[in-house]
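Each chain is listed here by its residues.
2 protein chains.
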Amino acid sequence: MNKRFERCVVVGTGLIGASLAGAGKARGLFAHVVGVGRSLANLETARERGLIDEATTDLFPALAGADLIVIATPVVTAVSRLHELAHHAPDTAVFTDVGSVKLPIVTEAKRLGLASRFLGAHPLAGKAETGAGAADPDLFRGRRVVLTPDDDTPAELVEAMRRLWTTLDAEVSVMDAEEHDVVLATSSHLPQMVAYALAATADGAAMREEIVRLIAGGFRDTTRLAASDADMWVDIARLNREPIVEAMDEFSVVWDDLRDAIADHDESAIRAVLNASRKFRREIVPS
Amino acid sequence: MNKRFERCVVVGTGLIGASLAGAGKARGLFAHVVGVGRSLANLETARERGLIDEATTDLFPALAGADLIVIATPVVTAVSRLHELAHHAPDTAVFTDVGSVKLPIVTEAKRLGLASRFLGAHPLAGKAETGAGAADPDLFRGRRVVLTPDDDTPAELVEAMRRLWTTLDAEVSVMDAEEHDVVLATSSHLPQMVAYALAATADGAAMREEIVRLIAGGFRDTTRLAASDADMWVDIARLNREPIVEAMDEFSVVWDDLRDAIADHDESAIRAVLNASRKFRREIVPS
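Chain order of the listed sequences is E and Z.
Counting along the first sequence from 1, when you hit position 237 you're at 237 in this note's numbering, and nothing is skipped either side.
Counting along the second sequence from 1, when you hit position 29 you're at 1029 in this note's numbering, and nothing is skipped either side.
Honestly, the hints are just simulated from the structure, not real lab data.
Accuracy of the hints is not assured; some may be wrong.
[Claimed, not checked] Some chain E residues well away from chain Z (every beta-carbon gap over 12 Å; in silico):
no.	residue
1	Q192
2	A200
3	A263
[Claimed, not checked] Derived EDC-like pairs: lysine to aspartate or glutamate, alpha-carbon spacing no greater than 16 Å straight-line:
no.	chain 1	residue 1	chain 2	residue 2
4	E	K25	E	E48
5	Z	K1279	E	D229
6	Z	K1127	E	D221
7	Z	K1110	Z	E1178
8	E	K279	Z	E1209
9	E	K110	E	D176
10	E	K279	Z	D1231
11	E	K279	Z	D1229
12	Z	K1025	Z	D1053
13	E	K110	E	E48
14	Z	K1279	E	D231
15	E	K110	E	E84
16	E	K127	Z	D1221
17	Z	K1279	E	E209
18	E	K127	E	E48
The structure presented is a predicted model; accordingly, all values stated were derived computationally and were not measured.
Even for Gly, the Cβ is constructed at its ideal location relative to N, Cα and C.
Sequences are here, hints too, so could you generate the full structure?
If you want it as structure tokens, here you go:
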């Protein structure tokens, strides 16, 4: 049996927020969805597409009567605005978010005394396009969603959110926020930094123009992530600083070993890195 | 006017060799193509598909009467067998190859006194599948092909090869072999090493199993190259050692700066790398 929320307020109706709103409505999880945003045009798109029932730029009035508040703003905004959100929401409302770094918002929720009403979530879903126009109620189908409770989170809240995401055909993992952030530092933030550094290396190379002319598919694939929004990644680098720096240092150890193996003609050491890498790749993308 | 070769011997009928054979036949550049290989099954595929006219595993007899010899074996084999090839080929035959590292084979050709008859080529074309079954006479359409003459290469040979590739709708660049290898070290070999090191870092991480579970599209794209054949890349690392090590060192400088900027909360330094990277990415993949 799925709990149905009577008034779900989605703060931030970008790709993820609008997709979740539409998905919850389509599956009957949300009776009435209010979208809150800054861009009237984007809100109107969400409403016209039937992803939300009601659109407003005025946050606090919208919170009245809400039983579920989904924070789907950029992650820095989510952390900094949680206080006012909580202050203006009904005492009975529960909160969740969809941010890609979890410890800062979980810590802030705890500090605000929201431990019993807040459960962080991170759906590993996205696409190149942004905004409500790109939203898709099927965006979460088959995707992983991480829930990050701590010892103070009520089991019923974890179960309610697990049911919500499972109803949207997502695969739910549960781990604490710190563990999530350490894992994501390697699984998501590290490839991002690698893509940036690779493109920046080519950009700064003495033979830049010839490099641009001779770039082929391999370089393009390996730097696809470098096209991502820079502001968002500056924020993530700040919010998940320590795990990212640690993951980057682990990469450096592998990198220096590989570099030395090549410089020293140590073919068995080169082969060891290449084979470990290919085996790992086959594990994550079975052919 | 295109020069037509009467008897083209393609040594190595894998993806590139068989594609070139079929493309040259289709455009009337090669009157008769002999494919030479080790695998009878692969040769038979090439012949059945009409990419070659004649198939043999016996190299030296095949060379009799050849006016064009295309070396399309793995690059290490190409360098090591150039001597016997030259010894058994008619004195009037010209040679080209398709390897991704050029200085070793160009140097070897010169050492063997073939400077007037050898012109290195590197078509930047490929796909995930290998062998004659995956060959495609349109593989080179719109792709870049680098020709690497030196001061001793006759202008007519450069022009003949330029016409050949242009007729196959490739875009031809001309540069010396050393420059080619330095450029490719960054445009092609560096992303390869980055992909290997990224996958190997995740493979060696303390939270490996959780990382595997939470990997999404970004990590997969950034490590796509790690699925490549390890033997080939061990060879390339050896043959283009110095430029690769230099490119890896340039990457390390960018990487360490980015790591320190994140560790030191230096947002303007982080943003500088991210913006340079995004700008470069937009230049190589205009949206």
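Next item on the list: Tell me, in ascending order, the numbers of any earlier hints that this structure violates.
Entry: 1, 2, 3, 13, 18
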